[in-house]
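For the record, the sequence lines run as chains A and B.
Counting in numbering that gives the first Met the number 0, the first sequence runs from 0 upward without gaps.
Counting in numbering that gives the first Met the number 0, the second sequence runs from 0 upward without gaps.
Since the hints were derived computationally from the structure, they do not count as laboratory data.
Each statement offered as a hint is correct.
Which chain A residues face chain B? A few, computed with CB under 7 Å, are given here:
hint : residue
1    : 96
2    : 99
3    : 100
4    : 106
5    : 107
6    : 116
7    : 123
8    : 137
These figures come from a predicted structure and were not determined experimentally.
Every residue, glycine too, gets a C-beta built ideally from N, C-alpha and C.
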Amino acid sequence: MGLVIKAENISKQYKLGAVGISSLADDMQRLMAKLRGKEDPFLKVGDENKRDTTLLGRDSGFVWALKDINFEINQGEVVGIIGKNGAGKSTLLKILSSVTEPTSGKLKYKGRMASLLEVGTGFHPDLSGRDNVFLNGAILGMKKHEIAKKFDEIVEFSGVAKYIDTPVKRYSSGMYVRLAFSVAAHLNPDILIIDEVLAVGDADFQDKCLGKMKDVAGQGRTVLFVSHNILAIKAICKRGLLMHQGKLISDGKIEDVILDYIRADSNVGFEQEPDPEKASINTGEGHIKKIKLITDKNSGIEIFYSETIKIELEFELFISVQDFISDVRIVTKEGAIVGYAMPKFDNAKRNDLPAGRYRQIIELQNGLQPDFYFLNIGIHHGKGLTIHYFERILQIRVLSVGDHNNNYPISWQEGNYRPNGKWEITSY
Amino acid sequence: MTEDWNVVEKKKPFNLKKILKDLIDYKDLIFLFFKRDIKASYQQTILGPLWLIIQPVFTSIVFTVVFGNIAKIPTPANISPFAFYLLGLSFWNYFADCFNKISGTFISNASVFGKVYFPRLTVPVSVLLSGIFKFFIQFGLFLGVYIYGIIIQGYNFQINVTILLLPVYLLLLSVFALGFGLIVSSFTTKYRDLTMLVSFGVQLLMYATPIAYPFFTIGYNSVFYKILLCNPLTGIIEGCKYAFTSNGLFSANLIMTDAVFIILILVLGMYIFSKVEKRFMDTV
Chain A
0 MGLVIKAENI SKQYKLGAVG ISSLADDMQR LMAKLRGKED PFLKVGDENK RDTTLLGRDS
60 GFVWALKDIN FEINQGEVVG IIGKNGAGKS TLLKILSSVT EPTSGKLKYK GRMASLLEVG
120 TGFHPDLSGR DNVFLNGAIL GMKKHEIAKK FDEIVEFSGV AKYIDTPVKR YSSGMYVRLA
180 FSVAAHLNPD ILIIDEVLAV GDADFQDKCL GKMKDVAGQG RTVLFVSHNI LAIKAICKRG
240 LLMHQGKLIS DGKIEDVILD YIRADSNVGF EQEPDPEKAS INTGEGHIKK IKLITDKNSG
300 IEIFYSETIK IELEFELFIS VQDFISDVRI VTKEGAIVGY AMPKFDNAKR NDLPAGRYRQ
360 IIELQNGLQP DFYFLNIGIH HGKGLTIHYF ERILQIRVLS VGDHNNNYPI SWQEGNYRPN
420 GKWEITSY
Chain B
0 MTEDWNVVEK KKPFNLKKIL KDLIDYKDLI FLFFKRDIKA SYQQTILGPL WLIIQPVFTS
60 IVFTVVFGNI AKIPTPANIS PFAFYLLGLS FWNYFADCFN KISGTFISNA SVFGKVYFPR
120 LTVPVSVLLS GIFKFFIQFG LFLGVYIYGI IIQGYNFQIN VTILLLPVYL LLLSVFALGF
180 GLIVSSFTTK YRDLTMLVSF GVQLLMYATP IAYPFFTIGY NSVFYKILLC NPLTGIIEGC
240 KYAFTSNGLF SANLIMTDAV FIILILVLGM YIFSKVEKRF MDTV
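Construct all of the structure, not just a fragment, from the sequences and the given hints.
In structure tokens:
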């Protein structure tokens with residue numbers, strides 16, 4: 000169990016804007032400094048990696064995509080790298096896979112390294128599946144005889160055996176990625192780097208990929224895995240690295256790192272303190288202060304299949320309201336309302352509330368099929384007059400696995416709503 | 000697993016031995032790239048590799064008409080003008096084709112290079128391989144026309160012993176296309192200006208190389224004569240022609256000078272290329 004990867008103070012600087020005369024001037028300045036034996040003048044400037052802010056007036060034109068990254072990875076570790084878009088994950092992977100060099104610092108690794116930053120790199124549309132398997136395998140670092148030995152296995156895993164001599168441009172996109180992933184899955188490197196490749200294919204194939212990756216991890220290989228799919232990361236990795244704005248902010252057991260990630264990432268939509276002015280309807284008689292999705296395992300927007308949807312709602316009324324009600328609409332990604340809940344449907348007791356601050360806990364039975372959903376939440380007078388109403392204020396993701404009580408994967412993700420049923424067969 | 004650390008960092012020394020070792024490690028990839036180039040270029044064409052023959056045939060016909068019949072530039076008497084042009088073109092096409100493709104290495108492979116690391120030099124080397132393949136087809140065409148000229152048309156058989164130098168000429172052309180191409184491709188990763196220059200520069204270079212005319216049609220005193228001598232391709236191309244016609248410029252000294260210059264270009268090219276390949280993704 001020796002060290003196989005060692006990152007020492009890795010930093011990476013990027014120039015913003017287009018290449019042109021101004022960058023030529025920068026290059027000249029750099030060259031002059033080098034000739035006089037001085038340090039690169041642009042290494043001293045550079046802004047933190049915050050994509051959404053523009054630093055008007057004092058923008059240096061350079062940005063640190065990575066800043067002082069240090070970590071060590073032992074042989075056989077399976078490490079998940081997580082972080083928001085723009086946290087520097089991809090840049091780190093590019094350096095790890097030697098595609099680009101760090102601006103300063105060093106990365107050391109032992110053994111053969113293979114990186115899958117994309118599936119099907121180097122696939123040529125005009126060549127047959129067979130030719131592409133060999134080409135892609137060789138690009139990924141396999142020898143020809145190794146590919147030949149595994150060829151049948153690769154084709155079988157991909158499930159496109161029938162089309163293997165057809166040019167890949169005639170493939171459906173699903174077939175294409177399946178073949179490409181199969182090649183990658185049969186690499187035998189000492190260190191394997193994977194970026195988001197699981198986001199391909201149908202559910203069945205994703206399960207197959209995940210299984211294959213578990214196998215690889217189980218064989219004592221070192222695996223680095225970048226994904227936004229927390230569930231997949233959790234299933235495979237034991238250790239996590241959390242990136243945020245170009246820095247490594249958390250390194251440890253995967254469960255802890257995922258928690259850090261969810262906490263650091265509070266605006267993904269499981270907890271909101273909305274700006275009252277951004278409401279869809281706002282009469283000024285009261286405001287929703289805070290909305291939060293409460294999950295047993297602090298899993299952010301993710302809730303298990305059938306797990307009760309539990310919402311904490313904090314609101315303030317500026318007037319007294321007779322027969323106060325709140326309501327929740329469940330909306331699909333496409334915008335269809337698939338669920339509507341309000342206290343009157345559930346015979347909840349009538350509330351006459353004087354002006355003041357209140358907290359309400361809403362629990363909704365979850366009959367949703369696995370997918371992402373949004374919640375519209377409003378507070379109203381009992382007769383229907385709305386006080387304050389937000390559309391798409393919370394996001395939830397219903398997972399395809401149940402919690403520990405009914406821990407089975409739901410492979411049939413059809414529709415949005417699952418009616419509870421009884422299914423009895425008698426002979427007649 | 001080896002116990003040596005592989006290091007990724009900015010200040011990595013230029014290590015020729017490692018570059019060559021990597022190339023040998025990845026020889027399968029070079030071969031597969033070569034196969035891809037050949038297979039893919041003639042997909043969905045009816046004539047397929049016949050296009051390799053059609054192109055020099057038509058160019059030679061045009062040369063025969065323009066340079067031979069209109070401009071009346073004399074060609075050596077012991078070979079048909081058509082074969083003479085084909086000879087020059089087969090070598091020139093090899094060089095120009097390889098150079099053009101190699102100088103686009105980084106730009107045309109950016110999407111692959113940005114995702115996977117493999118020794119980048121495999122791409123230009125595979126270009127040379129497919130270039131050689133195409134060269135042999137075109138050269139075979141020339142041989143056919145040449146032999147037809149001797150047997151049927153009654154031209155003199157004038158092949159001399161310098162024909163043994165053909166592999167050397169071919170090697171020098173390869174090395175020059177590689178070295179020069181690497182330099183251009185390295186410089187175009189950030190600034191594309193050179194791409195513009197290359198696209199018409201190669202065409203102009205053909206006229207500064209004795210392809211469409213014999214070298215000795217140029218007067219000793221003209222400036223153009225001196226320019227031609229500075230072009231390292233002149234000695235090589237003239238050598239090729241001399242081998243088949245015993246007519247033209249054959250100077251061992253000139254070829255040696257060219258060889259030294261070309262090898263220097265290759266070393267410089269590989270040096271610059273190895274510097275650029277590690278960071279070109281950021282600027283390409």
